[in-house]
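Protein sequence lines correspond, in order, to chains A and B. With our numbering as the guide, the letters of the first sequence map in order to residues 1 to 264. With our numbering as the guide, the letters of the second sequence map in order to residues 265 to 519.
Careful: at least some of the hints might be erroneous.
[To be verified] Result set (DSS-like, lysine-lysine): computed pairs, CA atoms no more than 25 angstroms apart in a straight line:
id, chain 1, residue 1, chain 2, residue 2
1, B, 332, A, 180
2, A, 180, B, 346
3, B, 381, A, 179
4, A, 179, B, 375
5, A, 179, B, 326
6, A, 179, B, 346
7, B, 381, A, 180
8, B, 346, B, 375
9, B, 346, B, 379
10, A, 180, B, 278
[Said to hold, decoys possible] Which chain B residues face chain A? A few, computed with CB under 8 angstroms, are given here:
id, residue
11, 327
12, 355
13, 371
14, 374
15, 501
In short, the hints are calculated from the structure, not lab data. Note that the Cβ used here is the ideal one computed from N, Cα and C, for glycine as well.
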Amino acid sequence: MAYESVKVETPLLLRILPVASVVLFFAVWQAIVDFGVVPNTMLASPTQVAVLFWEKLFVADPDGAVLSVHAWVSIQEAFTGFFLSLAIGIPLGLMMGWFSVAEGLARPIFELIRPIPPVAWIPLTIFWFGIGIPGKVFIIWLSGIVPCVINSYVGVRMTSPTLIQMARTYGATDWEIFKKICIPSALPMVFGAMTISQAYCWTTLVGAEYLAADQGLGYLITMGRRLASPPMVVLGMICVGLTGVAIGILIERVEKKLLAGIRR
Amino acid sequence: MDDTSKASGGRKTKIQVKNLTRSFGDLTVLNDISFNVAEGEFLSIVGPTGCGKTTFLNCLSKLLPTTKGNILIDGEEANPTKHNISFVFQEPTCMPWRTVRENVAYGMETKKFPKEKLEERLKYILDLVGLSDTANLYPNQVSASMEQRIAVARAFAVDPDLLLMDEPYGQLDVKLRYYLEDELVRLWKTLNSTVVFVTHNIEEAVYVAERILILSNKPTKIKAEVLVDLPRPRSLIDPKFVEIRKQVTELIRWW
Ligand SMILES: Nc1ncnc2c1ncn2[C@@H]1O[C@H](COP(=O)(O)OP(=O)(O)OP(=O)(O)O)[C@@H](O)[C@H]1O
Ligand SMILES: [Mg+2]
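Please work from the sequences and hints to get the whole structure.
Structure (structure tokens):
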């Protein structure tokens with residue numbers, strides 16, 4: 001299109017500052033551990049974590065799997081839960097926004113379950129599914145579905161009343177209005193739910209794995225604690241963070257593409 | 265009230281409004297209004313702000329239920345799924361996710377026009393309204409005046425029994441308004457539609473309409489009826505035009 005994005009020169013200082021802050025952060029961390037300010041049994045230094053990272057790329061011991069396997073298990077669980085929450089949450093939210101019957105049926109239950117933190121479901125989930133993948137997917141799905149339902153619901157609710165009236169004057173049925181007016185008009189909000197839902201899913205994943213798992217990044221952290229190995233705990237944390245960031249960026253890209261596709 | 269269609273000139277009665285009343289709680293907005301519209305007539309309705317013009321159109325289009333009275337189209341109770349009623353709203357009503365072409369087609373789509381007829385009619389209307397060049401753009405890529413033309417094109421496209429317009433050009437500057445008013449009159453003539461055009465711009469009403477209904481303040485009644493028996497194209501400085509405009513202004517001043 002004809003618009004050209006405005007280019008703003010970032011002053012040199014502002015470009016240096018973030019780099020400096022990260023460097024300083026790691027330097028201080030390294031120093032704290034190296035000079036024994038914090039004992040090594042309580043915190044690992046960045047270099048120790050880096051060494052363990054390199055090792056864990058190839059060695060399965062002592063926690064039973066190499067890093068890529070842990071990461072892959074976590075990603076699978078998170079994405080399965082994420083897609084399931086999109087697949088059920090979005091249609092449900094959209095219907096709740098337009099059909100009063102759907103709202104009347106689903107709203108009270110949704111409002112009742114919503115304030116319960118997903119990790120509170122863990123014990124029940126273990127009764128039902130054991131500690132395998134299905135249970136964790138269930139918990140992740142519970143946390144991911146909330147923003148999907150809310151955003152889709154609000155998106156439909158924000159449909160311009162004049163557009164709905166316009167459709168009515170041409171004799172459109174409720175279903176036609178829902179399909180051709182409400183859903184397209186809610187789409188930006190619905191796509192917006194993807195980023196939020198993904199973040200929720202990832203956060204809950206670690207909680208779920210921390211309590212009930214035998215593989216996965218959250219499990220790596222648990223094992224680090226059991227083995228009294230601060231480097232493993234910190235490695236697990238960092239991997240969770242970095243993978244989360246990577247997935248976040250990916251989903252944001254997809255969201256932008258989808259939004260550009262409907263051109264507003 | 266068969267004598268209301270003085271302008272009909274022997275044309276058949278298309279719309280009958282009988283004892284239309286609408287209240288919101290204790291507030292009576294429309295008070296027992298009756299009139300007829302002839303087939304192919306261009307009727308303007310003027311009235312003060314808040315007198316219930318929009319409410320009135322909403323009742324005609326069945327968006328709002330009436331408190332009392334009824335509206336007949338060709339002798340039958342008006343029904344948006346059976347009759348072709350089109351409504352051009354005060355605000356622009358383009359769907360931002362549809363191209364200009366798809367926006368214009370929406371009414372025909374909803375009315376389930378057969379595909380070939382739809383395409384044919386769409387091309388005809390887009391040419392007639394001068395939107396062919398911009399047909400594949402999105403509403404946010406065209407100007408505000410275009411958006412109202414899209415709504416007008418969409419409304420005419422379904423070949424409406426009754427076309428309702430609620431101050432469609434209220435927000436536009438004078439020059440553009442003259443241009444679009446001419447276009448509207450041309451469309452009406454070409455397509456033989458029946459138009460009810462609401463405005464509070466007296467000059468606009470006299471310029472486009474064959475007949476003007478003047479509404480009173482709430483509770484609203486039809487205060488007077490003025491025939492505009494002027495040849496077209498009309499001139500704003502024609503003494504007869506000025507005379508009618510003054511006449512309507514006088515009637516409105518009387519409130
Ligand atoms: N849903 C409603 N509930 C209560 N009162 C209403 C409702 N809709 C309209 N009214 C009242 O009815 C009256 C007429 O409103 P309406 O919008 O029809 O006026 P209008 O002639 O179209 O005004 P304008 O020239 O500003 O467009 C107003 O006094 C308004 O307060
Ligand atoms: Mg109005």
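**Message:** Given a cut of 8 angstroms on the nearest C-beta pair, is the interface hint for residue 501 (chain B) held or broken against chain A?
**Reply:** violated (37 angstroms)
**25 angstroms limit on alpha-carbon distance, applied to hinted pair residue 179 (chain A) and residue 375 (chain B)** = holds (15 angstroms)
**Message:** Take the shortest C-beta to C-beta distance between residue 355 (chain B) and chain A; is it under 8 angstroms?
**Reply:** holds (5 angstroms)
**Message:** Holds or violated: residue 180 (chain A) and residue 278 (chain B), Cα atoms, limit 25 angstroms.
**Reply:** violated (31 angstroms)
**Message:** With the threshold set at 25 angstroms, check whether the alpha-carbon distance from residue 179 (chain A) to residue 326 (chain B) stays at or below it.
**Reply:** holds (22 angstroms)
**Message:** Would the hint linking residue 346 (chain B) and residue 375 (chain B) be met if the CA-CA limit is 25 angstroms?
**Reply:** holds (9 angstroms)
**Prompt:** Does the structure keep residue 180 (chain A) and residue 346 (chain B) at a Cα separation of 25 angstroms or less?
**Reply:** Within the cut-off at roughly 20 angstroms; holds.
**Prompt:** Given the hint that residue 381 (chain B) pairs with residue 180 (chain A), does the C-alpha gap stay at or below 25 angstroms?
**Reply:** holds (21 angstroms)
**Request:** Sort out whether residue 180 (chain A) lies within 25 angstroms of residue 332 (chain B), counting only the CA atoms.
**Result:** Violated, at about 33 angstroms.
**Message:** Given the hinted pair residue 346 (chain B) and residue 379 (chain B), is their Cα-Cα distance within 25 angstroms?
**Reply:** holds (19 angstroms)
**Prompt:** Holds or violated: is there a CB of chain A closer than 8 angstroms to the CB of residue 374 (chain B)?
**Reply:** holds (4 angstroms)
**Item:** Restraint check, 8 angstroms cut-off on beta carbons, for residue 327 (chain B) near chain A
**Value:** holds (6 angstroms)
In terms of the numbered hints stated before, the structure departs from hints 1, 10 and 15, listed from lowest to highest.
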